[in-house]
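> Residue numbers (numbering that gives the first Met the number 0): 0 to 406.
Among the hints, a few may not be true.
[As the list claims (entries may be wrong)] Result set (EDC-like, lysine to aspartate or glutamate): computed pairs, CA atoms no more than 20 Å apart in a straight line:
(1) 205 to 56
(2) 346 to 400
(3) 22 to 153
Derived by calculation from the structure, the hints in this document are not laboratory data. Computed from a predicted model, the values in this text were never measured in an experiment.
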Amino acid sequence: MQAVRGVKDVLPDEAPNWQFLEKTCREWFARYGFDEIRVPIFEATGLFARSIGEDTDIVGKEMYTFDDKSGQSLSLRPEGTAGVIRAYIQSGLQREALVRLYYQGPMFRHERPQAGRLRQFHQIGAEVLGSESPLADAEVLVLTADLFQALGLDGLQLEINSIGCRECRPRYTVALRGFLEGRAADLCENCVRRTATNPLRVLDCKVETCRTHTAAAPFIPDHLCAACADHFAVVRGQLEAAGVGFVVNPRMVRGLDYYTRTAFEWTSDRLGAQSTVAAGGRYDRLVEQLGGQARPGIGFALGVERLLLLMETRPATPPDLFVVLAGEGAEAALAPVLRAVRGAGLKVDRAYGGSMKSQMKRAGKSGAPRCLIAGDDELARGTAVLRDMVAHSQREVPLAEVVAALK
RNA sequence: GUGGGCGUAGCUCAGUCGGUAGAGCCCCGGAUUGUGGUUCCGGUUGUCGCGGGUUCGAGCCCCGUCGCUCACCCCA
Numbered sequence: 000m001q002a003v004r005g006v007k008d009v010l011p012d013e014a015p016n017w018q019f020l021e022k023t024c025r026e027w028f029a030r031y032g033f034d035e036i037r038v039p040i041f042e043a044t045g046l047f048a049r050s051i052g053e054d055t056d057i058v059g060k061e062m063y064t065f066d067d068k069s070g071q072s073l074s075l076r077p078e079g080t081a082g083v084i085r086a087y088i089q090s091g092l093q094r095e096a097l098v099r100l101y102y103q104g105p106m107f108r109h110e111r112p113q114a115g116r117l118r119q120f121h122q123i124g125a126e127v128l129g130s131e132s133p134l135a136d137a138e139v140l141v142l143t144a145d146l147f148q149a150l151g152l153d154g155l156q157l158e159i160n161s162i163g164c165r166e167c168r169p170r171y172t173v174a175l176r177g178f179l180e181g182r183a184a185d186l187c188e189n190c191v192r193r194t195a196t197n198p199l200r201v202l203d204c205k206v207e208t209c210r211t212h213t214a215a216a217p218f219i220p221d222h223l224c225a226a227c228a229d230h231f232a233v234v235r236g237q238l239e240a241a242g243v244g245f246v247v248n249p250r251m252v253r254g255l256d257y258y259t260r261t262a263f264e265w266t267s268d269r270l271g272a273q274s275t276v277a278a279g280g281r282y283d284r285l286v287e288q289l290g291g292q293a294r295p296g297i298g299f300a301l302g303v304e305r306l307l308l309l310m311e312t313r314p315a316t317p318p319d320l321f322v323v324l325a326g327e328g329a330e331a332a333l334a335p336v337l338r339a340v341r342g343a344g345l346k347v348d349r350a351y352g353g354s355m356k357s358q359m360k361r362a363g364k365s366g367a368p369r370c371l372i373a374g375d376d377e378l379a380r381g382t383a384v385l386r387d388m389v390a391h392s393q394r395e396v397p398l399a400e401v402v403a404a405l406k
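The task is simple: from the sequences and hints, build the whole structure.
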């Protein structure tokens, strides 16, 4: 038996890294006023089709979709925002003026596995719902910058763009398509197709000739309506004020249909092709698109596995004490001591048998700074040996005083 | 979904011209009977990814398949 393709076990030696990442995120989300929300791993397929977009690759060919026993079409979530917005509407949270939420958990996409790309992968994300203010956009970005700093990650680059709103984007799209149609002969096959379906993505193409031939194309930031341009200017100004470095990438587009205005991406140059480590943007129409009241929102998600690839490996924390039992009655005599030590909040490791020598070896390997050796002679006196594994010294301690001796 | 590279012990890998499989690490035991991390001695471990084919004989050659990996694509 082996695990299904594209999924991965998190083994004990990796768990500390996951825990550190999760804990750091929770802490920083709390500092910025976000509350946790936990939503299901599967939803009605229609939710994703309506939010992410029927024509996106994610919905079109990458979802794990199945019919349940009642014949309803369900899908494992390919991203987190759709479910969070659904819950936001359904629960009545949308009646609050402003809500900040964060979530974490597995997402599923049927893609060809690659470095930093799995079929079950994990995201941690956050959403600010109810404010159209560019201050919200900026604060979300500052939060991500703080988060990466707290995680000890440097060398990440922030790229931002504005992709306009329902007012200006259609006008821009027409202008861009006009430009691209005149140059179809110079573009790659994909881009010729995208010119018709999703012309913004042509700007995002990696093919060198496409990039050079679109160098003179109209770019979105120059074609924003006044409201979008103001919004984008405030976001940039706030980032500068907060001391968060960024570059405007006028070619950047998002893969999900629901984005409007601010779009951003944090990337690393150490991850090969899957360089995006976190990304997000504003989605001012999504809530009403899903049947809620008209509510603006902005959010992002970070890729846990990708971030972990960049982070230093954290060692597991060793136990505070290793207990070595070396006599017939040792187990019974030590039982209350074990409970007391653990009750005092200390981490205790032990073996369940074996020679004293092997138990000592285990004690040394465990990394415990001290070990408690309980042999017949000492137990007869109501004591045990407390050994300092670092100093190689030991002394006899009455069983009742073990907890105190460990403090 | 498309293409390239790779699958040998738990891990990292060696294995010549086809001749029947090795090292290091890890793990276990021991070095005078109750004391670890160093050192020394000893020991366990393989459907050579899987299935077929060629051959007297296949880890090695051929085909298929599964998996890993890198890139495309897509995206966090």
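> Hint by hint, note whether the structure agrees.
We went through each hint and held it up to the structure:
1. 205 to 56: holds (17 Å)
2. 346 to 400: Given pair residue 346, residue 400 holds - Cα atoms ~17 Å apart, limit 20 Å.
3. 22 to 153: holds (19 Å)
When held up to the earlier numbered hints, the structure conflicts with none and fits them all.
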